[in-house]
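*Asks:* Using the sequences and the hints, build the whole thing.
Sequence lines, in order, name chains A and B.
Using this note's numbering, the letters of the first sequence map in sequence onto residues 13 to 334.
Using this note's numbering, the letters of the second sequence map in sequence onto residues 13 to 334.
Keep in mind the hints are simulated off the structure, nothing from the lab.
Remember, identical chains collapse to one label, so a pair may be satisfied in a single copy or spanning two.
Subject to a maximum C-alpha distance of 30 Å in a straight line, what follows is the list of computed DSSO-like cross-link-like pairs (lysine-lysine):
{"no.": "1", "residue 1": "K221", "residue 2": "K198"}
{"no.": "2", "residue 1": "K246", "residue 2": "K65"}
{"no.": "3", "residue 1": "K272", "residue 2": "K258"}
{"no.": "4", "residue 1": "K272", "residue 2": "K65"}
Number of protein chains: 2
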Amino acid sequence: MKAIQYLSSEQPAVFHEVAEPLAAEGKVILEMLYSGLNHRDVWMTKGLYPNLKGGVTLGSDGVGTWEAKRYLVNPNVNWGEDALLPGDQYRILGMPDNGTFAEKILIGSDRLVEMPGHLSLQEAGGLSLAGLTAYRALINRCQLEAHERLCISGIGGGVALFALQFALARGAEVWVTSSSQDKIEKAISLGASGGYLYTEDSWHKSLNKLSGGFDVIIDSAGGLGFSQLVSMAKKGARIGIYGGSKGLIQDLSPQTIFWKHLSILGSTMGSDKDFREMVDFVAEHKIHPIIGSVYKVSDFQQGFQRMDYGAQFGKIVFDHRK
Amino acid sequence: MKAIQYLSSEQPAVFHEVAEPLAAEGKVILEMLYSGLNHRDVWMTKGLYPNLKGGVTLGSDGVGTWEAKRYLVNPNVNWGEDALLPGDQYRILGMPDNGTFAEKILIGSDRLVEMPGHLSLQEAGGLSLAGLTAYRALINRCQLEAHERLCISGIGGGVALFALQFALARGAEVWVTSSSQDKIEKAISLGASGGYLYTEDSWHKSLNKLSGGFDVIIDSAGGLGFSQLVSMAKKGARIGIYGGSKGLIQDLSPQTIFWKHLSILGSTMGSDKDFREMVDFVAEHKIHPIIGSVYKVSDFQQGFQRMDYGAQFGKIVFDHRK
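*Replies:* This is the structure:
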């Protein structure tokens with residue numbers, strides 16, 4: 013069978029023939045239908061991830077079949093007993109453990125969650141890791157409530173779009189930021205109340221005035237824009253951080269943080285409990301993940317490049333069917 | 013009677029004759045015994061506080077007598093119904109409402125809490141605002157637990173010392189930082205496990221190694237040192253911010269915040285519920301506030317100067333007795 017593997021820094025992503033997995037106790041062999049691409053996979057191919065190991069199949073997301081049923085893959089390996097924090101043995105599927113970018117994968121039966129019936133196979137393929145990250149950050153960490161107003165920075169990526177959909181399903185009002193007016197328009201067509209280009213001068217002052225300020229803010233950039241996001245926080249607001257693509261945070265006012273009783277909450281991935289809750293939430297609210305592009309797995313390089321350029325709006329998924 | 017009042021920016025703190033308060037419905041006249049000085053009072057005399065109003069008696073802390081019983085003053089005015097967040101009408105006693113630096117004060121009977129019997133009058137005089145701020149930040153916001161390790165930056169001020177005492181009473185392990193070895197030694201004599209001079213190169217790396225890292229960190233400085241404090245946080249740590257004397261926070265790593273699932277929690281003052289809980293906690297654990305110096309109220313300028321120089325270790329209190 014074929015799989016996308018990391019071999020070395022010279023051959024960081026190779027689609028080649030590998031041995032089929034062998035049955036093992038407590039594990040099942042899942043035949044993959046669709047898998048989803050995450051930034052994590054792209055960063056590995058660029059050497060931007062710690063402890064890379066050669067000969068490992070990449071990929072954290074996916075949907076597959078086992079005994080005629082369809083299952084989502086829970087990307088957690090050994091989160092541990094504490095739902096609030098991962099244990100020291102926690103890993104994400106797809107490095108150093110073999111991941112989902114393969115025809116068949118060997119996986120613990122406790123990692124499989126039945127696919128909600130309203131999802132298409134493509135939608136199911138791109139749900140796992142980004143959905144989990146968004147759910148934990150927004151719902152379990154920031155505790156977004158129905159009557160609240162949310163700002164999502166940098167709309168377009170997988171986690172940001174799930175945050176948009178989850179927040180709307182919960183009944184919250186959602187605003188977005190982007191460097192692309194096209195992405196803002198797309199977000200509005202999905203239900204966002206409005207958006208603003210963070211490339212404009214004093215964008216945060218304009219957006220604060222326009223929206224009335226935010227109860228919850230979700231950010232994966234950090235950098236110089238973070239303190240501008242914080243300036244739009246209402247008293248008692250929660251600000252979730254699930255990434256830091258723009259680097260170190262600067263010029264952050266401690267006075268704003270303590271006078272407004274703000275909470276800045278870091279979050280990454282989520283527990284097995286978060287994962288089950290997220291899938292139940294998606295099923296209950298009949299949420300359809302936004303799929304940006306679909307590639308045959310043999311054309312995976314196009315998907316990696318698309319994500320690297322930041323051009324996508326929605327998940328990039330790979331079709332593993334023959 | 014005499015009181016310390018803010019008159020104008022030219023006469024920011026004057027000890028002079030004022031009219032005695034007149035009885036009013038729902039209010040009582042409390043005869044002051046001791047009052048406590050806070051940074052807030054000093055900042056007002058330097059024009060560093062918003063919306064200053066002439067002819068207002070300063071002071072937020074104190075203990076006094078009414079109908080032969082001794083009462084602590086709850087410094088909150090109109091916190092509101094929500095214990096988690098102050099309402100829009102929230103004020104702290106001592107600007108724009110007349111405060112505690114007077115022979116007698118007119119105050120709502122619901123603002124009085126019976127003085128725990130183990131306290132001396134001096135100790136009781138310096139408890140209210142700093143005790144409230146420390147209790148809410150450390151216990152109700154950061155949720156410090158008995159088995160955890162706490163770092164308190166800048167030991168010596170009122171809130172930091174209450175945080176030290178409350179944490180020890182809860183059974184936690186406490187470390188401190190300071191620019192003064194003398195203050196560190198004093199903190200150790202009070203029960204701290206150790207301390208480190210933040211004026212030393214790479215002090216945070218040394219303290220992290222020495223202590224093993226922190227579950228909770230409490231800071232009122234911000235500035236360049238904040239991200240060094242954060243670097244010592246353990247996975248799942250809570251970092252409480254209750255001040256920002258060193259200005260804007262710089263070079264804060266979003267990666268550290270999300271990978272470690274950190275919570276950075278702003279807090280200032282506390283609710284009426286926090287105040288009652290704090291006084292109960294002080295009574296239950298027989299905590300004796302650390303008093304740094306005592307001045308006759310007529311010598312208040314010495315107290316203001318001492319706080320301004322940052323020389324104090326413990327609360328500065330004023331004796332209002334004839």
